[in-house]
Amino acid sequence: MEARGNSIEVEGLVREFRKGPRAVDGIELRVDPGEIYGFLGPNGAGKSTTVLMLTTLLPPTAGKARVGGYDVVAEGPKVRSVIGAALQEAALDPMLTGRDHLRLQATLQGIPRAERKVRAQELLERVGLSEAADRKVGGYSGGMKRRLDLALALVHRPRILFLDEPTTGLDIQSRTALWDEVARLARDDGVTVFLTTQYLEEADVLADRVGIIDHGHIVAEGTPEALKAEIGLPSVHATPAEQDDRERLVAALAPYGEPLDGSARDVVVRLREGLAGLPAVVRAVDEAGLTLASLEIQAPSLDDVFLAKTGRSLEGAGGDDQDEDETAA
Amino acid sequence: MTNVLGQVAAVARRSVIRTARQPAAVVFPLAFPMLLLLVNSGGLDASTKLPGFPTDSFVAFALAVPFIQGALFSTMNAGTDLARDIQTGFLNRISLTSIRGVALIAGLLAGAVTLGLIQAIFYVVVGLIVGVDFASGLLGILVLLVFSALISISFGALGIFLALRTGSGEAIQGVFPLLFVFLFLSSMNTPRNLIAVDWFKAVATANPVSYLIECVRSLIITGWDREALFLGFGLAIVIGIASTTVATLALKERLVRT
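Protein chains in written order, with our numbering: chain H, 1 to 329; chain L, 1 to 258.
It should be emphasised that the hints constitute simulated quantities derived from the structure, not laboratory data.
Remember, predicted model here, so these are calculated numbers, not experimental data.
Even glycine gets a Cβ: it sits at the ideal position worked out from N, Cα and C.
All the given hints hold, so there is nothing to weed out.
Facing chain H, a subset of chain L residues (Cβ under 10 Å, in silico):
#1 N3
#2 Q7
#3 R13
#4 R14
#5 R18
#6 T19
#7 R21
#8 G89
#9 N92
#10 R93
#11 T97
#12 V256
Using 25 Å as the maximum straight-line C-alpha spacing, the simulated BS3-like pairs for lysine-lysine come out as follows:
#13 K117/H x K136/H
#14 K78/H x K252/L
#15 K252/L x K64/H
#16 K49/L x K201/L
#17 K78/H x K64/H
#18 K309/H x K228/H
#19 K252/L x K19/H
#20 K64/H x K19/H
A few chain H residues that don't get close to chain L, going by computed Cβ distances all over 10 Å:
#21 D25
#22 E122
#23 S141
#24 S301
#25 S313
Given these sequences and hints, build the entire structure.
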């Protein structure tokens, strides 16, 4: 397998829609062969629009992108021959069985007739759908649909895999099973994976590197560890026993670090002196005569990275943008 | 070429399978035209007594109508299936394969033709069971099936065009009754030369559906009527070319893939 043929290179990629803002605004990124790249951002950040452009389903307004060594604008058919994609919402026909889907996909991908049956069975076994293979997809659970979606994306043995929010709406068991399969694809088969997600944990667990996108811009990029290390300091999350004491708690903790946005009940402060500053925080609360309902120390997460880069928390950051699917349609 | 034919067959097979697995989609196009035939034959049988009526069997006269109704159902089925594919993202999935646009449209039409032929064979069998004597014989029945396939393509492509333009199954279902208006404003129940109301006669004469019905009817009750066959096949071909052309253009517009 040619190494360069598995990479994704993006330079100044832009997508503008007639009635909306720039959904993607000059992003630059590079995904190396065999890497799992997590593209993290809230709803409407530009994740799906980026995937549609990289999979040739939506022409960019400006910029360049090469997928598998091929230009997404000038060499669309070649790009499609080396990629597999499971786009948002498993697009399946409820009247067809899992095996029908694989048979159709294999034929449309030009797989020789003699190989189709074997390949379909192999993929059904790989994603754990052998027993349900001849049942109509309309009766599948969300997790089964997502697994079939992944199998369909793998029919023609793609070198690069695009997964657009593959675990949204799945229970933790189905989510973990899908993570294992994606990790195995990258590790054992050398498949490059471009994965969009709004789940911090997913990006943290699965991705070798993470790009954080907000309002069409990449605001941070690196390994999850490096990004978190950049933020560095832990934060203390204190909840007063009496809600009326919240302002006094804010004042008491202010000298010990930078205040962060928390919930309406919490007071969150990034500790300037790290964990060493914790005893002083406890003393200050005690001296102020405050009673706490809870006190938690949290190591930096990717949400902290998002917060530091955008001033907003990732959870709840979506919704203020135009709906991505709508604009992309 | 082999690959393209395989893709056409795969898309057609899917259309047939998904229709076959929905009893309502199978039973309704078969039962509704037969029910209408039954009602019309019962109520309008006296029309055969009119001087100049071309046959003494109203069932034989009216049997032409289900073939056109069947084609209209093909329009709705092909259109709503494709619209659903657009709405669910299934079309995007197909677009990511190596399928060519022409193979996709041909596959959808092949599915419509297969279903149209099944319907047509059913109507022929019902006609034979109730004692209709096909004036053009066995060869005429074969020509009738070819004509049914042709109008399935013509109307199926129209459904595909509507789906690609609107992307909405509801929009297609909204257009369907409009197509039925064309059917009712044709020579469906009365030969054009016997229509007494002037405006209705003028509309039926201008309505292409009249000539499609008369083509089928000629094979059932007249025999080999060159003019009726020429007009019917000619119009079906013209409608087919026009509708497949606009469907192909609409597909290009819908599939913005690079």
